[in-house]
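J.: Protein chains in written order, with my numbering: chain A, 4 to 294; chain B, 4 to 294; chain C, 4 to 294; chain D, 4 to 294; chain E, 4 to 294; chain F, 4 to 294.
In short, the hints are calculated from the structure, not lab data.
Derived lysine-lysine pairs resembling DSS-like cross-links, with alpha carbons at most 27 angstroms apart:
hint, chain 1, residue 1, chain 2, residue 2
1, A, 30, B, 168
2, A, 47, A, 30
3, E, 30, D, 30
4, C, 79, C, 47
5, B, 79, A, 83
6, E, 233, E, 30
7, F, 266, F, 285
8, D, 79, C, 86
9, A, 47, F, 285
10, C, 285, B, 47
11, C, 168, D, 168
12, D, 83, C, 86
13, A, 266, A, 233
14, B, 30, C, 30
15, F, 83, E, 79
16, E, 30, D, 168
17, B, 241, B, 266
18, A, 285, A, 266
6 protein chains.
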Amino acid sequence: MTPIPELVERAELLIEALPYIRAFQGKTLVIKYGGAAMEQADLKEQFAKDVLLLRLVGIRPVIVHGGGPQIGALMKRLGKEPKFVGGMRVTDEETVEIVEMVLVGKINKEIVGLINLHGGRAVGLSGKDASLLRAHRRLHKMPDGTSVDIGLVGEVEAINPEPIKLLEENGFIPVIAPVGVGAEGETYNINADLVAGDVAAALFAEKLIHLTDVTGINGEDGRLVSTLTKREAERLIKAGVIDGGMLPKVESSLRALTGGAQKAHIIDGRVPHAILLEVLTKEGIGTEIVL
Amino acid sequence: MTPIPELVERAELLIEALPYIRAFQGKTLVIKYGGAAMEQADLKEQFAKDVLLLRLVGIRPVIVHGGGPQIGALMKRLGKEPKFVGGMRVTDEETVEIVEMVLVGKINKEIVGLINLHGGRAVGLSGKDASLLRAHRRLHKMPDGTSVDIGLVGEVEAINPEPIKLLEENGFIPVIAPVGVGAEGETYNINADLVAGDVAAALFAEKLIHLTDVTGINGEDGRLVSTLTKREAERLIKAGVIDGGMLPKVESSLRALTGGAQKAHIIDGRVPHAILLEVLTKEGIGTEIVL
Amino acid sequence: MTPIPELVERAELLIEALPYIRAFQGKTLVIKYGGAAMEQADLKEQFAKDVLLLRLVGIRPVIVHGGGPQIGALMKRLGKEPKFVGGMRVTDEETVEIVEMVLVGKINKEIVGLINLHGGRAVGLSGKDASLLRAHRRLHKMPDGTSVDIGLVGEVEAINPEPIKLLEENGFIPVIAPVGVGAEGETYNINADLVAGDVAAALFAEKLIHLTDVTGINGEDGRLVSTLTKREAERLIKAGVIDGGMLPKVESSLRALTGGAQKAHIIDGRVPHAILLEVLTKEGIGTEIVL
Amino acid sequence: MTPIPELVERAELLIEALPYIRAFQGKTLVIKYGGAAMEQADLKEQFAKDVLLLRLVGIRPVIVHGGGPQIGALMKRLGKEPKFVGGMRVTDEETVEIVEMVLVGKINKEIVGLINLHGGRAVGLSGKDASLLRAHRRLHKMPDGTSVDIGLVGEVEAINPEPIKLLEENGFIPVIAPVGVGAEGETYNINADLVAGDVAAALFAEKLIHLTDVTGINGEDGRLVSTLTKREAERLIKAGVIDGGMLPKVESSLRALTGGAQKAHIIDGRVPHAILLEVLTKEGIGTEIVL
Amino acid sequence: MTPIPELVERAELLIEALPYIRAFQGKTLVIKYGGAAMEQADLKEQFAKDVLLLRLVGIRPVIVHGGGPQIGALMKRLGKEPKFVGGMRVTDEETVEIVEMVLVGKINKEIVGLINLHGGRAVGLSGKDASLLRAHRRLHKMPDGTSVDIGLVGEVEAINPEPIKLLEENGFIPVIAPVGVGAEGETYNINADLVAGDVAAALFAEKLIHLTDVTGINGEDGRLVSTLTKREAERLIKAGVIDGGMLPKVESSLRALTGGAQKAHIIDGRVPHAILLEVLTKEGIGTEIVL
Amino acid sequence: MTPIPELVERAELLIEALPYIRAFQGKTLVIKYGGAAMEQADLKEQFAKDVLLLRLVGIRPVIVHGGGPQIGALMKRLGKEPKFVGGMRVTDEETVEIVEMVLVGKINKEIVGLINLHGGRAVGLSGKDASLLRAHRRLHKMPDGTSVDIGLVGEVEAINPEPIKLLEENGFIPVIAPVGVGAEGETYNINADLVAGDVAAALFAEKLIHLTDVTGINGEDGRLVSTLTKREAERLIKAGVIDGGMLPKVESSLRALTGGAQKAHIIDGRVPHAILLEVLTKEGIGTEIVL
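Same shape as in the complex, but just chain A (with noise of 0.2 angstroms):
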């Protein structure tokens, strides 16, 4: 039996969550899921559990999940020759096919199931539900300045919030896959990291929250940037600093702030538990981005 003193020391770390499931209550988190944290047993476990915990205390999640190694694997199992033009993989109705096939019908529902098997009530939306992401293509900028088009590849023209905010009204966890539906009812495979920001901005959302495999924005010395400013972001981008892997994270905060969001935050989702940690304790994590 655990002695009565440690009890009382975990109950005192319960109290110190207080002010922020206060400051919390209602609000809607947006959280780009992917990297790392979706792909180690014990980091999709502790993500579930967190998603509930915020959930079970008035908060609400609403998670955007990206790809991942899946969709490689089951082109290559289906011997589909990838195509560049341009350095960039182009995108056919075969491989628009599989992309879904894999984001809708298999990562979607690993994630839903997860959080549903320790008590959640998730449930999984593609972007074609309720023509919830209406998207377009998206011509793809080379560096000559020239577009290209690449194939079904969108991005988002408007997004349709009814669902969600049934789902999340009703205590639901709302999992949206980032496929996209034209015009013509043709699919679009859209960048994850995007479709998130644009969510966060649609539902007014207090924070967006991108769990990346680092552990936030380092500036021009190296070190990590703790809040960053849309203008300081944007000059970044300028000089370089910010590139790669976060240059569409980044991006997508901006929209997201400048659409209706409150804050957005980049943090490391290799921390164990590293939402609550965000969320739920004083000590932030990673790199916060404000307008």
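Place chains B, C, D, E and F on chain A using the hints.
T.: Below, chains B, C, D, E and F alone, put in the same frame as chain A:
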């Protein structure tokens, strides 16, 4: 321009639907969607419009779809060797994963997309969403009375009707893929006919409609039976008159009726607008099954 | 039994109504009911069914009816001698009493009864109910510019839309008799065309539909005008092309549009199912008036 | 200016109403309105104010009115010759039409108008509105035990309480004319006393109050009976002490009580504010009938 | 038994209240309760009944009470020596504790109990409940312009109207003790007149009524002023005509009016049923103050 | 800055509370507050935070507090001589007045204030508010079987749960002082343990928790009993093992269970965060009592 007399005749046809709309408003129809109606382009489009019209006039369609040739096609492409025990395909973990991807990530999304393309608000659900279809392993009964484990083939243990109701009460059209979730989170492939029957019972549906590729149930004399009671159905099964693919449809219908649905119908999905004809005109088509 | 192909054709006609049902669901249509459509037995029955079908598919009809030959007949039977001033019938207290009895106690009840006989839930309202139509005396303008008091002929001063809304929001069909009430409780006979226009404005109706005994409004060339703008309507009135009984219908339409209704229509009530044709098919009939 | 002591005395009278207001708040009172209270100008006005005050303090009056001398007057003016069978007036179609016009188009509207003139929100209803009073033919029982068809005289078959409830729950005062509708849409004249009793039962009214032109029911000794049980009432009827016009009032009261109303009262409508006296003071007036 | 004519006269007095009930239904009246009306047994009972009657007829009384001789009595019994600075009693911690016990634990409970004894549903509130009255220290202004700290005497800083509204919307009668709570949780004694004014403003009350022991405000000529504008009130204060205990009542009234209340009244609580007379009869009593 | 691993450990402790939060959300906990937990400054503060955290995560605490040394202290200061009959203190009117002032005006307000100071929304209630605790005189049973009247000591006759429910459903924390009101409006002092049990029964509480100054109930062997059934409790009482101040707590617990509460607990209020430990961790503390 259409001459007035013809217009008037059209209006009269609308008026004929009046008593049926009145009778079924606010009622739930569970439609098992499959066969030709799910494969032929023109029938697919007519199905989408029928469902949409029903929803618009205040009737609540809930769709349960089955699989189709796509599952076999993908398995073949993936070089998945079929294993058989007692003549039945063994569904191992890899197989059930493929089944889930095709059902949830491809077929379900096609149906949802098609309905929405015509202006509806369909939302796809897998049995994993909000643990909608809780299932356990279904052993296969051999002719010699023994039972054989053929893997991840499940049967419904419990249905959580809450998310379906939430969606239909808010004007959405739920489209359900027959994938179940077990106590440990494992995935089960479930016979869609049986899922439809259990969903119809759980929702106390007004009607369960099976769209098939035959005109209905034929009696011992080989002629179509318009109305079949539970007792007669059981007799025809015993006599071997009802057999093969018709067996699960009749089993599903009887379970729906026993569980609280009002009526079950086996109708010919190859007839354009078969659902509308069944629901909104005085000439029912196919076979109706009652307690 | 109807052969399947014919049934299918019928279903297709139902499907054609789909976009119109979607467009007008939850919207209010104010229908001025009068003329042949209110006198011929078959047209009366078709009118009742049309109204009922609109209501069933979620559209909200509100009916304003006029008087008819019954008023004159009763006056004659009562030996009531008509008095005229400037060519206009003087409406003394005894006359307005007869008018009220016939409008409220006979015509209104016939319409209500007919709709309910076919399964609707119509409720009659006089302008006195909940002081729905508050009115004051309307002086008659003489050709020489002077005004003459012709008795208890009123014009709408204020509309209390509350009871109409209560009824339509709860699935009832309000049927309004054009009798107004003055500040001292006195009864006024009001032109039904004008009442319909004012009611349409007060309800911000989607459409005001005048059922008449002509095909619509003819232009200077004597041919039917499909769409008439406010400006053109005013020009045609000035030019004397629109005159006689059509004048109050156009005046009513313009007041409805100015006051918040979306569209007004002058259609031919002698065509069976004229309302359905106007509302649920792509071929509108008659003349539509817009701002 | 009124001297303070007199004002105080007045306030005390208001205070005396307190327990009665508390007891009847939210409860329905069905008032059969007729006789002198419906004919004398001062009594009419007092009636209107009484009803209004009850409504204002949260009690829900529902009025059922009868006919009056106006019916006979109009029939006479129309030269309508009365026909009799077994001493009873035969109500042919023309007669019932006149009755309906006077009841619905004249008397009902006068009552509605008077209440509204004092600031109420009365809404008139005929038994045809929303098929409120479904009726069938009532044969007249002759002294020799045979039954005679005297035409369109009906008795209530079913009451649709929905529109009455909708109105009273939304602050309106329903005023009901005793006209019923048959299965074929035919019009029936129904005894207003009996309608009031059936309406009181259908609404599970707290009280049914009959306004009459007598002080109440007298016993065998010719003295007013304060409280009458069902059993005693039946005995007095058998003994011929209760007879004539009092018979339908007592019959109506007993049907109301058996059907779910709490109490019935026969009070003197010639006393100013008779309803207020009955409902809001400790001295009830007239005769109360209980199960 | 009361003779009928007298009963009728009583009913007429009820009817006279009709327009006032209509005018004030659903409106909030804040009543500052104190003086003789809170000390004399018969006046206390009449007050309880008045408040109850107002509530029953749909008007919403909110009571703010002051202290009384009981505070001094308890202090004396406890041998608490009064200290004075600049002529004002210094309220130390021990004093404020006594004040709170008497106001909240005795006077408030007596009022609540009395109203409930007559059938009401009063609920007492201290300014600490749901931090209803947030306050800070109020320094006493000396004649020489300096300010002196006289201890735990507070003034309202912010009002949380939520619990008052919750109670009044659910049929309860809130009774508020004038005790405030500071930022550190400290207790403040606040002038009840001023609390009443601030509460009236926070609730956008229809009326603020001060029950006093005088007939109202007298003008320079020593005669009662029926209606006083803000400007005149300020003039009379400057001229020293309004002074002493009347000053905080007028200050409270002006703050109420400026903050959103409609009217303020200074009336004579020694008159039995003074509140009813003010609210439900055409002869207002005392002085009304308007912007 | 706290190192990440320690933060993670903290998050894990939050996660451990997850199943308990899920189990008790929306449920009512009645907490009898008294003893050391109500007297020591640090325990008081921890209690306030515990209650607040429970409320924040959706659990509904209702507090019933007892008296304390303050009552005796005030009585002593007021020179109130204690009178005894049969060893019991006689509670005369003056005594009950002092008790009420201290319970309602001092202790209740301290608790309310402390919870609100930490951000809660506590509202104090006396048994007089909305006649929450209707009581009658409780005679004292003497050892010889006779009953002695010891004055205004009451026992609960009926509970009006409405105001408690209204408050808890709207996010408030009700804090109840154990003062009852008699049929004539007289005040009763009631044992707080018993009030807590009756309130728990009236609210069908999930748990009744008695905060005491002992570790729980000891059995005949002097060791703590973890779980006690009703039958065993009754046996231990009979055997004299449960006696003294523990008697009313066990009596209260049994009444709560019989009346509809799920569980009762006797726990050690001297342990910091005792309530949180009991409710949100798997190691319950103290003794639980079940039917």
